[in-house]
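S.K.: For reference, the chains in residue letters:
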Amino acid sequence: MSISLDQVTKRYQDHPVVNDVSLEVSEGEFFVLLGPSGSGKSTLLRAIAGLAPIDHGQIALHGNDVTHTGARDRGVGLVFQNYALFRHMSVAENIEFALRVRRMKAAERRARRKELLRLVALEGMDERLPAQLSGGQQQRVAVARALAHKPQVLLLDEPFGALDAKIREELRRTIRTVQRELGITTVLVTHDQEEAFALADRIGVMNLGRLLEVGRPRDLYARPATRFVATFLGAANLMLARQGPDAIRFGDSAIATDIHHRLPQGREHEVVVVMRPEELEIARDRRLLTSGYIARAVVEEVLFTGTLERLRLTLPEEVEASRLVGVGTSVGASGSGEARLEVVRTQPERRTLPLQAGDAVVIGARHLHVLPTPLSSFVVCVEDSAREQELLSHPLLEQLVASMKTRVLVQQMASDHRAPEAGVAVIAGGAGAARRAAHMLATGANEVLVLPPSDAVPAQVGICWHGDGVRGATLAVGASLLRQLSAEAICLAAAPEGRRDSARGATLRRLLDARSEARATHGLEMRTELVAGEGIAPIADYIAALPAPMLVLGVTRATDVAGELAAFIESERPSPVLLVYRSATP
Amino acid sequence: MTPRRSHSVLPGFGITFGFTAFFLCAIVLLPLTALVMRGASMDLARFVEVVTDPRALASYRLSFGTSMLAAAINLVFGFVIAWTLVRYRFPGRRIVDAIIDMPFALPTAVSGIALTAVFSANGWIGEHLEKLGIKVAYTPLGITLALTLIGLPFVVRTVQPALQELSKDVEEAAETLGAGPFHAFRRVILPAVLPALLTGFALAFARGVGEYGSVIFIAGNMPGLTEITPLLIVIRLEEYDYAAAAALGCVMLAISFLMLLSINLLQAWGRRRLVAARR
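Which chain is which? The protein sequence lines are A and B, in order. Numbering-wise, this note's numbering puts 457 at position 457 of the first sequence, and it's gapless, one number per residue. Numbering-wise, this note's numbering puts 1161 at position 161 of the second sequence, and it's gapless, one number per residue.
Chain A extracted, bound-state conformation (with noise of 0.2 Å):
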């Protein structure tokens, strides 16, 4: 391996910027770490360049552990955004930085530089200053500059940013030839999914501080596992639908497909499905469709690219369709029942069909793929409406619906009342939480949100769980909820002191195992920790001594809500619970 990561964590201000990521990149790879800005995705370059010391794990280049070296001496080649060129030196200078520095002879460093000059097609231009250089010539200059010591992994950091758009393809195609033809492993950072695609042999998406995905462009834009990937990659509708053992419902219609995952439990289950733009149908009627129908929409927008007409349609606000949360990447958090979809159609296709705004038309999905998140919509079941904006406006709550970019609902109900259909139920803490998360998860939730009143989101999640029926999905639970957090994930679990070892031991082993099943199922990153006693209580004095905890607990039988557990969920310093159910019984 040419570089890895193993666990790598940067803190800022307690806050971590780079979370608990692991990463191999092969020899003579070209890596992208794509992500929004802020997603820790330089950090992270940085930390492999040794210009940010880490907190926690370790980094490997071609097998050496460069944990505790300098950047001087990780001969490792970086580009940065703003060239960082020296100014006062010309070009030659520049490249010769580093064979001066080595004490390379002036023949040799002169035979050197004009070799890179010609690499990045800069012959001739070696007694000019950068200030007399275009800003791609610049780039171009620093490109070689990182090359000129032989380094045996380049790094780039956004080398494309400053620049307009024709000068920035032909410079991805430099740096493209030139990686090729030094087979030098290279990592570069942008926040452009183009420039991503363009250049990537393998892809890792981040996202607040965590590496979500790593995969080759094609399969991470075909299948993504999670929502952010999903909207990040390209345009994306996100849409609710129901699952059955065969086939995916949209309210009446059902599309029969390959389903990737088991179902929990067989039963009916809301999940969360990606449709391209280019993989929806538009016809005039049903009858029409070539792929499954989906649903009725009319044309709100018809916007006309070039090569492509782009569609935005409206889902309109019926029984049937508020079913359908459509949720395109442009359009924010919908809560109600005016869903949009996007569409893109070629122009054979625009011909055939003809579109303009207000035409009433139907939509089916050539492809389909469902996101393996167990986490789909929010219910939150309020008993008068005096709660409901108080849950409404609950900073954890908040958060996760603006990231999930999914739909909340409101469900008054009296307490005895059954649980929502589908989506995770979200209830109030306080005094009679715990009987009321028992009725819910008795009466057929799968996953129950306790949130008492708090002006934080949590930033350290413990995860743990009561019967090991329920592990894997405490599991998926929990990774599914810190892709939308910049928290630390913690597994913990219980084991009395002062006894034989072997019981601790076993203990230990459950607690690594569940680590690295979250992280080869998940890609989470966890901390393990092993309190001594026994029980719940324990933990739950452990996450209480955290600054801003919260708690993804699961459970196996429903009465354990009520009885044991409902003394951390009603304790007094009370933090969020979610509450994960699955039957021991199958």
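None of these hints come from the bench; they were simulated from the model. Beta carbons are placed, not taken as given, at the ideal position from N, Cα and C, and that holds for glycine. It cannot be assumed that every hint is accurate.
Unchecked claim - Computed Cβ-Cβ distance ranges for the label pairs, DEER-style: (1) B:Phe1104 / A:Ser37: 39 to 47 Å; (2) A:Ser37 / B:Ala1268: 38 to 46 Å; (3) B:Phe1104 / A:Ala131: 45 to 53 Å; (4) B:Ala1268 / A:Lys150: 51 to 59 Å; (5) B:Gly1014 / A:Ala198: 52 to 60 Å; (6) A:Ala198 / B:Ala1021: 54 to 62 Å; (7) A:Gly70 / B:Lys1131: 53 to 61 Å; (8) A:Ala111 / B:Leu1129: 29 to 37 Å; (9) A:Asp192 / B:Ala1268: 49 to 57 Å; (10) B:Ala1268 / A:Leu308: 54 to 62 Å; (11) A:Ala131 / B:Leu1024: 53 to 61 Å; (12) A:Ala111 / B:Leu1024: 48 to 56 Å; (13) B:Ala1021 / A:Arg176: 57 to 65 Å.
To be verified - Some chain B residues near chain A, calculated using beta-carbon distances under 7 Å: (14) Pro1195; (15) Glu1238; (16) Glu1239; (17) Ala1243.
Given the coordinates of chain A, assemble chain B onto it according to the supplied hints.
M.R.: Frame of chain A; chain B shown alone:
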């Protein structure tokens, strides 16, 4: 002197150059001319006698020597202070930043009295230094100290913006290319801030040469030993020997002008490449 015909929001070359010429004449050149005229009112032999008097020669050496030394000290420590203020965030940074300007605001006589209080043979620090055999007050060392205090803000304030402009990326680039801290400083940072350092040096030096208030308290003013030229000029004035005072002033003027001019030329030489490139 042909103006460059480029459009600008502010009024054109004619008006601004007119103002420049007028102000320079009225405020700088006219009084200086008067000084030279005054000096020229005596005959050449007398002029030479006054300005080459051993007491005068000693005062030049002292004035220019201590100013040069103080400016050099400030060059080093002013740079360090500016570096600290620009590159690090620490509690009280704003306060330190404000303290730098104190010598600007303080009447120089006050600084002189304060320094004397601390460094005289029975002052807080002076009494300990005395035991070590180091005398500060009433020696050239004391004068240098006073001039260092007075000149510090000039270096810090000119270097600070230059360092701020120097992006941290540039240092990091040098580091990833294998340069050690010394090499990075010598080859990358220093060349970038050298023009600003020279300006700061020139300003601190010029200020030191003209300084009077803070020095006379700590200098002790022994003729030939710790008597600075400005003081000698004042003494001549008190003797109503205006011509001699003006003659000494002329010499100071000439030396200062030559030194500042050479620093400016040095700067222009160092900056030429960058300036030419920016066109």
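S.K.: Indicate, hint by hint, whether the structure satisfies it.
M.R.: Structure-based check of each hint:
For Phe1104 (chain B) and Ser37 (chain A), the Cβ-Cβ distance of about 41 Å falls inside the hinted range of 39 to 47 Å, so the restraint holds. Taking the beta carbon of each, Ser37 (chain A) and Ala1268 (chain B) are about 42 Å apart, inside 38 to 46 Å as hinted. Checked against the hint of 45 to 53 Å, the pair Phe1104 (chain B) and Ala131 (chain A) fails, with Cβ atoms roughly 34 Å apart. Between Ala1268 (chain B) and Lys150 (chain A) the beta carbon distance is about 40 Å. The supplied range of 51 to 59 Å is therefore violated.
Between Gly1014 (chain B) and Ala198 (chain A) the beta carbons are some 55 Å apart, a value that agrees with the proposed interval 52 to 60 Å. At about 59 Å, the beta-carbon gap between Ala198 (chain A) and Ala1021 (chain B) stays in the expected band of 54 to 62 Å. In this structure, Gly70 (chain A) and Lys1131 (chain B) break the distance hint of 53 to 61 Å, their C-beta atoms being roughly 45 Å apart. Under the hint 29 to 37 Å, the C-beta atoms of Ala111 (chain A) and Leu1129 (chain B), about 60 Å apart, miss the expected range.
Asp192 (chain A) and Ala1268 (chain B) have their C-beta atoms about 43 Å apart, which leaves the hinted 49 to 57 Å range violated. At roughly 58 Å, the beta carbons of Ala1268 (chain B) and Leu308 (chain A) sit within the given window of 54 to 62 Å. The hint said 53 to 61 Å for the Cβ distance between Ala131 (chain A) and Leu1024 (chain B), and at roughly 32 Å that hint is violated. Checked against the given bound of 48 to 56 Å, the beta carbons of Ala111 (chain A) and Leu1024 (chain B), roughly 55 Å apart, stay inside it.
Checked against the hint of 57 to 65 Å, the C-beta distance between Ala1021 (chain B) and Arg176 (chain A) comes to roughly 59 Å, which is consistent with it. Contact between Pro1195 (chain B) and chain A, as hinted, is not supported at the beta carbon level, the nearest pair being about 10 Å apart and thus beyond 7 Å. Hint status for Glu1238 (chain B) relative to chain A: violated, with the closest Cβ pair at about 51 Å, above 7 Å. With its C-beta approaching chain A no nearer than about 53 Å, Glu1239 (chain B) sits outside the 7 Å limit, and its interface hint is violated.
Among the interface hints, the one on Ala1243 (chain B) is violated; its C-beta lies about 49 Å from the nearest C-beta in chain A, farther than the 7 Å criterion.
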